[in-house]
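Chemist: Residues per chain are reported as follows:
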Amino acid sequence: MLLLGIDTATRRIGVVLASENGLLGRVEIGGPEDRARPRHAEALAPAIRYLCDECSVSLRQLSAVAVGIGPGMFTGLRVGVTTAKVLAQTLRVPVIPIPSLDLLAYPLRHSRSLIVPAIDARRHEVYYAIYRTVPGGVQRDSEYELGSPDDLAGEIAARGEETLVCGDGAQRFAASFRDLDRVELAGAAHAAPSLSALAELAIARYEREEFSPPSEVLPMYLRRSDAEINWQPRSA
Amino acid sequence: MKFRTQSAAQTRALASALAEVLEPGDVVLLGGDLGSGKTTFAQGLAAGLGVDEPVTSPTYTIVQEYEGRLPVAHVDVYRLDRVQEIYDLGFDDFFDGERVTLVEWGDVVARAFPVDHLVVQIVARADAAAGPIAGGSDVGGEGAMVIAVGDERDIVLEFQGRWQERRPRVEEVLAGYA
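Chains as they are written, first to last, in my numbering: chain A, 1 to 236; chain B, 1 to 178.
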């Protein structure tokens, strides 16, 4: 089988091609350190084209499209998820949606700590979840959450366990985590959702036939509000 | 912090001077009734940020983006009804520490924006006009009246969150307008 994976939940634009025998190749553009404006809409399709060409893969050969569904950067997610859905629908292959926080946690599965990926949510907030390592992978031990770095630091302190914090949110708000007891920061290599994790997890799900029709795949949005805007001033 | 301007040109000049303190990631919420001059103020800010193309009201487009000394996103939430729409439009990505975001009517829904922001309230001075005159610059949504009054305005700056620390700097660049 041949899998195309896309993750655009952060400033990093990531594309990966893989088969059951491993990665064929990947393209990454941008990252948390890169202050240039991310151009997900402009760069994603050419990146897919480039990777397919370099790996001598035609889109028609794909068996499935995997996509990181966030939570994360709003515009990036829309571009990534839409591209994955359109490709899958056109090629008549399934989509395999995977939360981008899972993709940050999975590569750290050999650690003995709690693993806490945090993705920058803007507005001085982070998207995060708490994972435990289990044989062969990680298991999520919290909801997918949105909160301030200090909320997260409080939650980590309350658990009182060895903890490894990763993701671009951990980098950006390192000051909130650095001085906590028994907490380590995973560093720049673990700032963006892992493309090899995307390939590995998606192929496993493909083999178990855990996939979704393209129309049912949506980005994960955690910032919700039921409030109406109080337009008294408008009608006054 | 309060200023008074006598004309749209003066409002623009004040806004343009204020632009000097703006940094990447800043959010400025513009408040005031229809016709008070929120777009005029935004035009001044944009000019001060080095935008040389014409800046028009984003009431119908909701967002207009410009390139100046810093990238500028000019937003108008007047046509939105729910806070969720603000999230769904992806404004969050504007608060990425790179551009300046100007939001007309943003004061009405300030909690949907980052806590560190500057509010600019523009108040048309009622006694400044003999009465409403046709031809305001700020056109509202469906059924809204076009309101115009005289050109005299009170402009009130409210410093929220970390903007409070920047008050002295703002006082400095606007000293000529006090």
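If you are wondering where the hints come from, they were derived from the structure by calculation, not from laboratory data.
Backbone N, C-alpha and C fix where the C-beta goes; we use that ideal spot for every residue, glycine too.
Just so you know, not all the hints are guaranteed correct.
Stated by the list, open to error - Derived, one-sided and incomplete: chain A residues facing chain B with beta-carbon distance under 7 angstroms:
#	residue
1	ARG122
2	ARG123
3	PHE211
4	SER212
5	ARG223
6	ALA227
7	GLU228
8	ILE229
Chemist: Now look at each hint and say whether the structure bears it out.
Modeler: Right, here's what the structure says about each hint:
no.: 1; hint: ARG122; in the structure: holds, 5 angstroms
no.: 2; hint: ARG123; in the structure: holds, 5 angstroms
no.: 3; hint: PHE211; in the structure: violated, 26 angstroms
no.: 4; hint: SER212; in the structure: violated, 22 angstroms
no.: 5; hint: ARG223; in the structure: holds, 5 angstroms
no.: 6; hint: ALA227; in the structure: holds, 4 angstroms
no.: 7; hint: GLU228; in the structure: holds, 6 angstroms
no.: 8; hint: ILE229; in the structure: holds, 5 angstroms
In summary, the structure is inconsistent with hints 3, 4 from the numbered list given earlier, while agreeing with the others.
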